[in-house]
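Protein sequences, first through last, are from chains A, B, C and D.
Residue numbers for the first sequence follow our numbering, so the first one is 13 and each next one is one higher.
Residue numbers for the second sequence follow our numbering, so the first one is 13 and each next one is one higher.
Residue numbers for the third sequence follow our numbering, so the first one is 13 and each next one is one higher.
Residue numbers for the fourth sequence follow our numbering, so the first one is 13 and each next one is one higher.
Some hints here could point you the wrong way.
Note that identical chains are pooled: a pair holds if it fits in a single copy or bridges any two copies.
[Said to hold, decoys possible] List time: in silico SDA-like cross-link candidates among lysine to any residue, alpha-carbon distance up to 20 Å:
| no. | residue 1 | residue 2 |
| --- | --- | --- |
| 1 | LYS55 | ALA207 |
| 2 | LYS55 | ARG256 |
| 3 | LYS240 | ASP271 |
| 4 | LYS55 | GLU25 |
| 5 | LYS211 | VAL274 |
| 6 | LYS211 | LEU275 |
| 7 | LYS240 | ALA215 |
| 8 | LYS213 | GLY85 |
| 9 | LYS211 | ARG221 |
| 10 | LYS240 | GLN253 |
| 11 | LYS213 | PRO35 |
| 12 | LYS240 | SER225 |
For the record, the hints were derived by calculation from the structure and aren't laboratory data.
Protein chains: 4
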Amino acid sequence: MSLQGFSVPLSPEGRASLACLPPWHYAGDLLVVAFEADPAAVKAVLPPGLEPDPDDPGGCVAFFVAWQYASEGGEEYLDPARGQYNEFILLVNALYRGQPVCTCPYIFVDKDTAMARGWIQGWPKKHGEVHTTRAFPLPSMAAPQVAPGGRFGGSLAADGRRLAEAVVELERPSDHPVSLGTRQVVNLRYFPRLAGGGKAKPAVCELVRSILSGAQRTDGWEGSADIKFFPAPDNELDAFQPVRVRRGYRHSMTMTIADLEVLEELDDVR
Amino acid sequence: MSLQGFSVPLSPEGRASLACLPPWHYAGDLLVVAFEADPAAVKAVLPPGLEPDPDDPGGCVAFFVAWQYASEGGEEYLDPARGQYNEFILLVNALYRGQPVCTCPYIFVDKDTAMARGWIQGWPKKHGEVHTTRAFPLPSMAAPQVAPGGRFGGSLAADGRRLAEAVVELERPSDHPVSLGTRQVVNLRYFPRLAGGGKAKPAVCELVRSILSGAQRTDGWEGSADIKFFPAPDNELDAFQPVRVRRGYRHSMTMTIADLEVLEELDDVR
Amino acid sequence: MSLQGFSVPLSPEGRASLACLPPWHYAGDLLVVAFEADPAAVKAVLPPGLEPDPDDPGGCVAFFVAWQYASEGGEEYLDPARGQYNEFILLVNALYRGQPVCTCPYIFVDKDTAMARGWIQGWPKKHGEVHTTRAFPLPSMAAPQVAPGGRFGGSLAADGRRLAEAVVELERPSDHPVSLGTRQVVNLRYFPRLAGGGKAKPAVCELVRSILSGAQRTDGWEGSADIKFFPAPDNELDAFQPVRVRRGYRHSMTMTIADLEVLEELDDVR
Amino acid sequence: MSLQGFSVPLSPEGRASLACLPPWHYAGDLLVVAFEADPAAVKAVLPPGLEPDPDDPGGCVAFFVAWQYASEGGEEYLDPARGQYNEFILLVNALYRGQPVCTCPYIFVDKDTAMARGWIQGWPKKHGEVHTTRAFPLPSMAAPQVAPGGRFGGSLAADGRRLAEAVVELERPSDHPVSLGTRQVVNLRYFPRLAGGGKAKPAVCELVRSILSGAQRTDGWEGSADIKFFPAPDNELDAFQPVRVRRGYRHSMTMTIADLEVLEELDDVR
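Bound-form chain A, shown alone (with noise of 0.2 Å):
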C-alpha cells in the first residue's frame, strides 16, 4: 500500500502524476534558427561551472518545436489532447570543463506534463504558446514544402504577449544541420527551498548533461533565417535580440528520454 508514480501527484494508481517513470518518447518537427547575440547576455544567463566559449561567445540556437511524446507503451499520441505539445527552446554556446556544450537559460511548452518533465531533467520550463509552420506534400499558397523556396514561420508567446518570431526560407538539403544534440546540453538543474522564507540553499542545485538516447534525424533542409525577440515584464528573451542571423534548419526527430547524467552539485548559483 504505497504511492505511485514518478512525479507529483504521485496516487494510488500512478496514473495521475505529471511524469512517469522514464523511458519516454518523443517526435518532433524542428524549425531551428542558429544566430549570435551579445556576449554579454549569454555570459549573463551562464551558472557556475559554465564560462564563455571564446570561440563562439554569443552563439545561441533557437528551436520551434511541435512535439508528439508517449511513455513506453503508453500511446499518448493517440489521444493528441494529451499526448502533443509544442515547445519553444532557447540554448546559449558555453565551456565546461574546456569542452564545447551548450545550455538552457529560457524554454516554453503548452502542457503541464512537458514542464514536468523538463524541471526533472533541469529544463527550466514556463508555460507558452508555440506555433511552427507545418511542411506540406503538395503545392499550396496555404503550405510550403520542404524544397528551395519553402519558408516556415515559427512564434512564441505567453500570457497574450509575443515574446519571440522567425522565419526560415529553405535553400537545399543541409550537410550538417543544427539540431538537439548537436552540442551537449548542461543545464542547471534546481529546486528552491521555502522554509526559511526562501533564502535557503535551494534543494536541488547541480550541473547535469542531458542524455538523448536513440536519437534519429530525417535528412535536414538548410537556408536564410531571421528571428526577433520582444520585451516583457516577466521575460527577458529580449537581451538575445541577434546582431546576427546565421543560419535556420528544419528536420525531424525522434528521441528517448530515460536517464540524466549529475556532473556537479552546486552550492547556490545566486
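Please arrange chains B, C and D on chain A, whose structure you already have, making use of the hints.
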C-alpha cells in the same frame, strides 16, 4: 472614404476583418471516419429540401483536420498563430433533388477567422478544441508512420467537455478514400433576425452548394476505425453514436474556396 | 419535425445553437476608460449614415468587462465554463440624424456563444483574451478595493499579441459614470454574400439600434486612467491611440437583450 | 555577477523566474464543498506519516477558487493576464502525530506561475481549467447574489475532459465556514531524481506544513451542495466520488505565503 474588408469588422484598411475577400487557400491533414448512425438522427438534422438517402439512410462521415490557411498572397501560414487551425466536421448523407449529397449539421474549429469564413459559407461552426495525431517519417514509440499498423487518434472538446474521439489503424493504401468532396456538400446558410424578438423570418436562409476549386489529394490510406460521441448540455452530437463504424482514412489535401452556389432560398426551417 | 434554435447550428432539440431565442440576460463588472483619439481615426470607422460629432469628434470609450450570461430560465451562470465570458468594447462617438450616438468598430470576446449573439446584434465581435482586475472586499496587496486609491487593470490580446492595456485609479464615487447605454448605440449589422466571389452586395447591411432592457447599475466610481493600444497585422485598434485620456470608471451592471431596432437598410458600405 | 530569482528560470534580472522570493500575497473568492468519500480512497492517498482520522475517515473538502496574486510590491494584479488564476483543491482529512490535519492529493491551476509556487510548497499542482460563478450585487437572471437561494457553480477540466463539477445553494450566514486553514495542511513536498533511470530515492521527499500568514476572511455563507467527479485516463479524482455531501460554503479570503515548515524528511513514498 469607405470601409474595407469582407466580413465584420469592416475597417479603414480592411486588415481587421475576420474574413477577407476570397480566394481562401487551405492545406490540411485529414483523419476521416465513415460510419453509420441511427437513420432517425440523420433525418432529424436535414433542412427542408434535403431528404434521407434511401441507399444509405444512416451514412455519416467525421473529419478531424489540421488546416493551414492563407489568403491570396497573404501568407498567413508564416504566422502560424494566425494561419493554423483545427477542425471537426460531421457530414451526413442525403439526397437533394434526387442526387446524392451530404450536409453538415455540426462543425467545430479553434479559430475565430475559420468560424467567420464558415458561417459565411453555410458551415455552422462553433468553437471546439480539436487534436489529431500527426504522422511521422521515422519509426518511434511516440508517433505513427503512414504504413500498415500506423494508428492515429482524433478528439473534440468544447468548454472543457470531451465531445468526440476516434482512432484509425491504417491497413493499406486506399483506392477510393472518403474525403471532403466525395459527395457534394449542400449546407444551410442561415443568419437570424433579432428585430421583433427573434421570431421573424431569418435574414438569410438558403441552401447552398460548396464549391471547392483546385482540390488536390495525396495518396490516401485506409483501415479499421472507431469513433465515439459524448453527451453535453449544449451539443447534440451524441445522437450520432455509431451503430456501425465502416472505415477510417488518412490523407492530406489542398483546396481553394472562392465562390458559393445558392441553390434555393428557404422561407424558414424552424 | 423541424429544426430548433435561433442561430447556427440549428438542431433537433435546439440545444446545439450558439444563440438561443432571446431574452438574453447579462450581469457584468465593467472597467471603463473614456478618451480622445485622433478625430480622423473615429471618422474612418463610421458607417454611412453616421457622421462625426462636432462637439466631440475624437470621443471614444473602451470597456473591459467580465460578464455572466443566462438565457431565460437556462441558468448558464451555474455552469460558468459556459456562462462566463470576457469582453473588450471600443465605442466611438458620432451623430445619427443629428442625435448623439456611438458605434462599435471593434469588439473582442473569449467565447463563441458571445461572438454569435454579437454578430446577430451588429456587434462585430472577434475572439480575444480579456482580463480585468477584480475588486476585493478586504485589504490585500493582491487586490484593490472599491475605494480611493484602488487601482484596476484591463488587457486585451488576440492570437498571442497584446492589443490593449489600461489602468484606472479610483478617486471617488461618480455622479455620472460613463457606461453602456450612456449614448445610444447604433451599429452596422452586416453579413456578406459569398456567391459570385464575394463582390456582390452583402446579404445583410443595415444600421441598427441596440435595445438594452432592464439595465441596472451599481453606484459607480471614477478616477484617473491610462490606456494604450498596440499594433498587430490583423487589427487596426492602434489607430485609436489616445491623444488624451479623460477619465476611468468602474461599476457593475445588469441588462437584458431581447430585441433590436433596424434603423435603415444600407446598400453597401465598401 | 550571478543569477537572480527564486525558481527556474533563474535570470540576470530575476524577472523571468516563475516564482520570485516570497512573500506571496493572495486574495480569493472561494466556493467550498465539504463531503465524505470512501475512507479507502482517502487512506490510499496519505503519504507515510499521515494516518486516517478515525473521527472522520472519509472527510474531504473541495475548493473552487478565483485568485488574484501579487508579489511584494509587484502589483501583478494590475496586469490580470498574469496576476489572476483559478484553482481547484482537494483536501482530505488525516491525523499527523495524533493531531487533526488535512493533506492535498490533487490540485489544479490554470497558470504556470501558480503551478511553480505550488510545487515549491508541496502542493502537487497540475494544469486545469477551473471556473466559478461570480456573486453579483444586483438581482439578475444571469448571476446569483450572496443571499438565501443564491446558487453558485464550479467546474474543473483538464485537456478537454471535465473532471469535477459542483453547485452550492446558499441558505444563511455561516458561523464556522470551512476554509483554507480550518485544519492545518500537511503536504508531501516531492521532487524526483532522474539520474539512474528514475528509480533512485527522490531529491526532495518531506512532509511540510503550510504557513498562511495574515489570513483574513469575509463573512461566509453556507448551504446545500452537490459535487461530482468524472473519470479520466490521467487522473484519479473519481475515486473520491462522494458517498455523502455535507455542506457548501462561499466566502472570500486573503493570505500571505512567506515560509514553510519542514516536519520530517521521508525516505521515499513509493
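Hints and how they fare:
1. LYS55 to ALA207: Neither. Shortest intra-copy (31 Å) and inter-copy (27 Å) distances fail the 20 Å Cα cut-off.
2. LYS55 to ARG256: So LYS55 and ARG256 pass the 20 Å test inside one copy only (17 Å; across, 43 Å).
3. LYS240 to ASP271: neither (34 Å within a copy, 38 Å between copies)
4. LYS55 to GLU25: between (45 Å within a copy, 13 Å between copies)
5. LYS211 to VAL274: Between copies, since 15 Å is at most 20 Å while 24 Å is not.
6. LYS211 to LEU275: between (24 Å within a copy, 18 Å between copies)
7. LYS240 to ALA215: Neither: 36 Å inside a chain and 38 Å across chains, both beyond 20 Å.
8. LYS213 to GLY85: neither (39 Å within a copy, 24 Å between copies)
9. LYS211 to ARG221: For LYS211 and ARG221, only the inter-copy Cα distance (18 Å) is at most 20 Å; the intra-copy one is 27 Å.
10. LYS240 to GLN253: Answer is within: at 6 Å inside a copy they meet the 20 Å cutoff, but 24 Å across does not.
11. LYS213 to PRO35: between (31 Å within a copy, 17 Å between copies)
12. LYS240 to SER225: For LYS240 and SER225, neither the intra-copy (32 Å) nor the inter-copy (37 Å) Cα distance is at most 20 Å.
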